[in-house]
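Listed in order, the protein sequences are those of chains A and B.
Take 31 as the starting number for the first sequence in our numbering and just add one per residue.
Take 31 as the starting number for the second sequence in our numbering and just add one per residue.
It is worth saying that the hints were derived from the structure and are not from the lab.
Remember, predicted model here, so these are calculated numbers, not experimental data.
Virtual Cβ for every residue (Gly too), placed ideally from N, Cα, C.
Check each hint, because a few of them may be wrong.
[What the hints assert, rightly or not] Here are the simulated lysine-lysine pairs, DSS-like style, with alpha carbons at most 30 Å apart: (1) A:LYS130 - B:LYS235; (2) B:LYS131 - A:LYS155; (3) A:LYS231 - B:LYS130; (4) A:LYS72 - A:LYS204; (5) A:LYS272 - B:LYS155; (6) B:LYS72 - B:LYS155; (7) A:LYS92 - A:LYS41.
[Stated by the list, open to error] Computed Cβ-Cβ distance ranges for the label pairs, DEER-style: (8) B:LYS92 - A:GLY133: 41 to 51 Å; (9) B:ARG322 - A:PRO53: 26 to 36 Å; (10) A:GLU262 - B:GLY195: 21 to 31 Å; (11) A:LEU68 - B:LEU192: 33 to 43 Å; (12) A:ASP201 - B:LYS231: 56 to 66 Å; (13) A:VAL282 - B:TYR89: 49 to 59 Å; (14) B:LEU200 - A:ASP162: 38 to 48 Å; (15) A:ASP156 - B:ASP39: 22 to 32 Å; (16) A:SER34 - B:LEU192: 40 to 50 Å; (17) B:GLY133 - A:ARG261: 58 to 68 Å; (18) B:GLY133 - A:THR199: 22 to 32 Å.
[Unchecked claim] Interface residues of chain A toward chain B, partial, derived using beta-carbon atoms under 7 Å: (19) CYS60; (20) GLU61; (21) HIS110; (22) ALA135; (23) ILE138; (24) LEU147; (25) TYR149; (26) SER153; (27) GLU172; (28) LEU185; (29) GLN187; (30) GLY195; (31) ILE198; (32) VAL320.
Number of protein chains: 2
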Amino acid sequence: MDLSSYLADMKNLVDSELDGVLPSDGSVLCEAMRYSALAPGKRIRGILVLESFRICGGYEKKVIPFACAVELLHTFSLIHDDLPSMDNDDLRRGLPTCHKKFGEATAILAADGLFALAYEIMSCKDTREKIDNNGAVLDSIERISLAIGPGGMCLGQCNDMLSEGKNITLDDLKNIHSKKTGALISACIYCGARLAGAGIKQIEKLEQYASHVGLAFQIKDDILDLIGTSRELGKNPGSDEKRDKATFPSIVGKEKAAVMLENERTLAVSALEEFGEKAEVLSSLADHIVSRTR
Amino acid sequence: MDLSSYLADMKNLVDSELDGVLPSDGSVLCEAMRYSALAPGKRIRGILVLESFRICGGYEKKVIPFACAVELLHTFSLIHDDLPSMDNDDLRRGLPTCHKKFGEATAILAADGLFALAYEIMSCKDTREKIDNNGAVLDSIERISLAIGPGGMCLGQCNDMLSEGKNITLDDLKNIHSKKTGALISACIYCGARLAGAGIKQIEKLEQYASHVGLAFQIKDDILDLIGTSRELGKNPGSDEKRDKATFPSIVGKEKAAVMLENERTLAVSALEEFGEKAEVLSSLADHIVSRTR
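If we strip away everything but chain A, and leave its shape as in the complex, we get (with noise of 0.2 Å):
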């Protein structure tokens, strides 16, 4: 299989049907909500929803609405992260960021709306009828806000800053990660998996897969950060050391973070063994992540 068109036919998807489900009302609060939604994104997220769900004998693209919501979701997070109070990014996905473009209050406000349409989408008639499961539905319904609430990512995008300019450890590290980055991307692989209607055992073998995942994702972010450009990137590098923010090279070197990344992409890759052939994507988008250059 060639991945990398497969994984742009996955993006195309989603890209797609993202453009469908914003709307477009001619008010500067849609103008901004497509704005950086439909900025060109990965959409790894959504593809983990996807494939976790196709892996797991889901039928069709059923699930789509809830990689939409996850990469609204995602894209909610990136605005306020880039505000002036807390990240103050200029540049984000090739572009200006939505409050450079907007202002602050309606990036604030385009956001909040972005959060609000993901639960509208994964609530709605529509998707309880392509899934119907409505346990299911409500399992995934809880399990993204988790990621996203108190305990996840919200709080791991408040420590991270309250992490700035101190001595960190290693494993402070990896915690402020697996809530800012980890926990919705294993809320996407459980999503695909529990829609699909998997057990028990599969979705714990895909939440391994997950967390190995999120943690090399995350210090793919950190090195790419450090030797990126921003041409490549689509957002500014050096910002963590500008800021000073503890990373995964700035705690235990660039080699010593290069094996750590290699690590987490193996055991990534060996959790997904009893999937065979079907998990051939997953597998794939593990190196994928390991190797990319944005």
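Given the coordinates of chain A, work out where chain B should sit on it, guided by the hints.
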């Protein structure tokens, strides 16, 4: 029935449940979430859920998770609306606003955390067991998401800010507030009824009540902003005038606004006719909204 002591009991119930659902892990994030969510609010939205549930035959306090959720969502919106880039308010519910107390970044994230927590509470297994109707739970989640998202509260707040300093018509103003305040109030009433298993006709009547109560609520808010004191209001009065914001009194005059307010109250109460004595609390709540001094 002594309405004020009944309302005080309901408010205490919501307050004590909120205290129980808000995490307290010692993090700054949770401290900020608790600070804003447990500040002395009127809990009108939570009480609307409880009462709408009760008069549609809902059993006991099974709907309390939804009453908490709408209060968390209301607090989320207050924290973001108070931010320097939006309404820039220093005082809320008699206390310094969340960003004054914890800084902007933590305030933004605390609000986001409340947002996610609300959805976790609405979708969790405990709530589902209480309600025992997953379809109704999902209908309610969908309706609340619509009330908050880009067709509801977020759009209302965005348009409200954009209207500052502009001449707008009475219809424009009604439209802004039907989205900014009215949509969530209607959703509260809808959820209570839907979760109690009410029929379409009952829900329609209650939604009529909600739309009039929502408008009455906003007209009264505008009047209080004009004539109230910060001690009574728990927030700084005169902020509409300061920001050159159109309000009901500024567009139609103080006397005509008072007439409109009374008119909305009457319409709200008459929508409740077929519920008879059971609607006593909702009816008195309309009176209370009109006569309140904060």
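Verification of the supplied hints:
For the given pair, A:LYS130 sits about 45 Å from B:LYS235 by alpha-carbon distance, which is inconsistent with the 30 Å threshold. For the given pair, B:LYS131 sits about 41 Å from A:LYS155 by alpha-carbon distance, which is inconsistent with the 30 Å threshold. Restraint check for A:LYS231 and B:LYS130: the C-alpha separation of about 48 Å exceeds 30 Å, so the hint is violated. With a C-alpha separation of about 23 Å, the suggested pairing of A:LYS72 with A:LYS204 holds against the 30 Å cut-off.
A C-alpha spacing of about 44 Å is found between A:LYS272 and B:LYS155, which places the hinted pair above 30 Å, so the restraint is violated. Note on B:LYS72 and B:LYS155: the hinted pairing holds, with a Cα-Cα distance of about 28 Å set against a maximum of 30 Å. As the CA atoms of A:LYS92 and A:LYS41 are separated by approximately 16 Å, the hinted pair is consistent with the 30 Å bound. Hint check: B:LYS92 to A:GLY133, Cβ distance near 43 Å, so the stated range 41 to 51 Å holds.
The hinted window of 26 to 36 Å between B:ARG322 and A:PRO53 holds, with their beta carbons roughly 35 Å apart. A hinted range of 21 to 31 Å for the beta carbons of A:GLU262 and B:GLY195 is inconsistent with their spacing of about 43 Å. Checked against the hint of 33 to 43 Å, the pair A:LEU68 and B:LEU192 fails, with Cβ atoms roughly 22 Å apart. Between A:ASP201 and B:LYS231 the beta carbon distance is about 59 Å. The supplied range of 56 to 66 Å therefore holds.
The hinted range of 49 to 59 Å is satisfied by A:VAL282 and B:TYR89, whose Cβ atoms lie roughly 57 Å apart. Roughly 47 Å separates the CB atoms of B:LEU200 and A:ASP162, a value that falls within the hinted 38 to 48 Å. At roughly 41 Å, the beta carbons of A:ASP156 and B:ASP39 sit outside the given window of 22 to 32 Å. Separation of A:SER34 from B:LEU192 is about 43 Å and conforms to the stated range, judged on CB atoms against 40 to 50 Å.
Taking the beta carbon of each, B:GLY133 and A:ARG261 are about 34 Å apart, not inside 58 to 68 Å as hinted. Between B:GLY133 and A:THR199 the C-beta distance comes to about 25 Å, which sits within the given range of 22 to 32 Å. Against a cut-off of 7 Å between C-beta atoms, the interface hint on A:CYS60 holds, since the closest Cβ of chain B lies about 6 Å away. For A:GLU61, the shortest C-beta to C-beta distance to chain B is roughly 10 Å, which exceeds 7 Å, and the interface hint is violated.
Nearest Cβ of chain B to the Cβ of A:HIS110: about 6 Å, under the 7 Å cut. The hint holds. The restraint placing A:ALA135 at the interface with chain B holds, with a minimum CB-CB distance near 5 Å, inside the 7 Å limit. With a cut of 7 Å, the hint placing A:ILE138 at the interface with chain B holds, because the nearest CB-to-CB distance is about 6 Å. Because the smallest distance between the Cβ of A:LEU147 and any Cβ of chain B comes to about 5 Å, under 7 Å, the interface hint for this residue holds.
Annotation: interface hint on A:TYR149 holds; nearest CB of chain B at approximately 4 Å, less than 7 Å. Here the hint on A:SER153 is kept, as its CB sits about 4 Å from the closest CB of chain B, short of 7 Å. The closest approach between the C-beta of A:GLU172 and any C-beta of chain B is roughly 4 Å, which is under the 7 Å cut-off, so the hint is satisfied. With 7 Å as the threshold, the beta carbon of A:LEU185 comes within range of chain B, its nearest partner Cβ sitting at about 5 Å, so the hint holds.
Because the smallest distance between the Cβ of A:GLN187 and any Cβ of chain B comes to about 6 Å, under 7 Å, the interface hint for this residue holds. The criterion of a C-beta within 7 Å of any C-beta in chain B is not met by A:GLY195, whose closest approach is roughly 14 Å, and the hint is violated. Taking 7 Å as the C-beta cut-off, the interface hint given for A:ILE198 is violated, the closest approach to chain B being about 15 Å. The beta carbon of A:VAL320 comes no nearer than 30 Å to any beta carbon in chain B, farther than 7 Å, and the hint placing it at the interface is violated.
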